[in-house]
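Visitor: On the provided structure of chain F, position chain W as indicated by the hints.
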Amino acid sequence: MDLEKLVEQFKAKDIQAFEKLYEMYHHSIHGVIVNIVKKHDVAEEVMQDVFVKIWQKSDSYSKQKGRFFTWILNIARNAAIDTVRSKGYKTEKQNLSTDSFVDTIAGHDRLEHTTDAIGIKKFVEQLTETCKAIIDLLYFKGFTQSEASETLEIPIGTVKTRNRSCIKSLRAIVLR
Amino acid sequence: MDKNHYISSGILELYVAGALSEKENAEVYALLQKYPELLQEVLEIEGAVVALTAATSHGKTQHLLKSIKTKINNAEHTITPTITLQKQNYNWATYSGWAAALVLGVGLTWMVLQNKNLQSRIEISNTQQSLLEIQIENAKLNLNEANSLISILRDDAITKIDLGGQGHFTATYAKVYWDKDQQRIFLDAEGLPEPPKGKVYQVWSLTLAPLAPTSLGTITNFSDDTNKIFEISNPNKSEAFGITLEPLGGSKTPTMDQLYVLGTVNSTS
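So the sequences go chain by chain: F and W. Going by the numbering used here, the first residue of the first sequence is number 1, and it counts up by one from there. Going by the numbering used here, the first residue of the second sequence is number 1, and it counts up by one from there.
Honestly, I wouldn't trust all of these hints.
[As the list claims (entries may be wrong)] Computed Cβ-Cβ distance ranges for the label pairs, DEER-style:
hint : chain 1 : residue 1 : chain 2 : residue 2 : range
1    : F       : LYS57     : W       : ALA30     : 45 to 53 Å
2    : F       : LEU3      : W       : VAL106    : 19 to 27 Å
3    : W       : ASN74     : F       : GLU4      : 25 to 33 Å
4    : F       : SER62     : W       : HIS77     : 22 to 30 Å
These aren't lab readings, by the way, just hints derived from the structure by calculation. Beta carbons are placed, not taken as given, at the ideal position from N, Cα and C, and that holds for glycine.
Pulled out of the complex, with its shape left as it was, chain F reads as follows (with noise of 0.2 Å):
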């Protein structure tokens, strides 16, 4: 299925197209919800809201602006910052973690299931402290390049670099 189309008929409010995308991404985006809110009753709150409004909001998608995933990935990211600075989660402000993605995939035990997950978690214990903190700023927190420079007080360019080599390795175990 062409994905490209595939978002094209989700824009035109198929459900069945929904269905689909939801099947390709909400892995995803419960991981970067959950690495978020840190709790996994909220993050399934959260989820939901976030697909609910996606399938409400789909006009307001065009590809011009970006990917159909980080479109989305945008709005989980925002929905749970939107949770956790919310007035309630304040009062439970002790339980919030400051761990990133290391830490939420290092604590799940499913991951042993598959093969990508067996080499995500291996090629995460081997990250550099750099790459495990650019990539959790930059994919699962939703920092621009120049917040994530300020934020971990490297050169713009240097951010883009070395999130690059970052990446290059984890593309080299999924895509294998």
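Guide: Frame of chain F, contents of chain W only:
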């Protein structure tokens, strides 16, 4: 553009992350459309990121699709009433719009018809007016004719001859007013019946000794003439006048059994 340099710059990884500005996103998209190698690169980066982010999920979210779909349905159902209302408003506006258009259309058609009606009335009036003008003209002509007849009748020089009914036609009569100076007669044929089809009255001037008829012509327009007074030229030294019924075109000699009226000129008058 150096594609390899562009790829190795790391911008495509940031593109997938959504870490670029809107302007940069548009630029990257344009290049992806142009260079398939760049698109392939993006697909691979995306695949890797999808796998990585998925790895942070416990993988038990498939069941959520059902409740998401329920929420979508509920949301759409709760939205439905407002949509329906808006639809009704919209329909109301549309219907009233159409109704207004219809009223306007009917109105316009009515106006056009009225206009046509008025125009045809004007035409009728115009026709009636020209008919009246013709009537007036005819009346004037008749008046002139009557006036000239009156002046003729009053003229001393005119001799009046009564023509009496003859044979089977005793009920008929005619009068001749003879204007000798102008060598013409005015025949008043009101006492004659309409000639039968295919027949005409022929007027004769007669001398009595010897008895010799001279044709003054046939009256071809008897039916059309309203006052039945006919002006006929008569250069003869007439002693009597007679009228016979003859076939169309007239005869050389009068048909005596069809002699309707006859009258002699009173020598003394």
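Visitor: Kindly confirm whether 25 to 33 Å is satisfied by the beta carbon distance between ASN74 (chain W) and GLU4 (chain F).
Guide: holds (30 Å)
Visitor: Could one say that the CB atoms of SER62 (chain F) and HIS77 (chain W) fall in the range 22 to 30 Å?
Guide: holds (28 Å)
Visitor: Taking the beta carbons of LYS57 (chain F) and ALA30 (chain W), is their distance inside 45 to 53 Å?
Guide: This hint is violated: roughly 24 Å between Cβ atoms.
Visitor: So the hint says 19 to 27 Å: do the beta-carbon atoms of LEU3 (chain F) and VAL106 (chain W) match that?
Guide: Check failed, 56 Å falls outside 19 to 27 Å.
Checked against the numbered hints above, the structure violates hints 1, 2; every other hint is satisfied.
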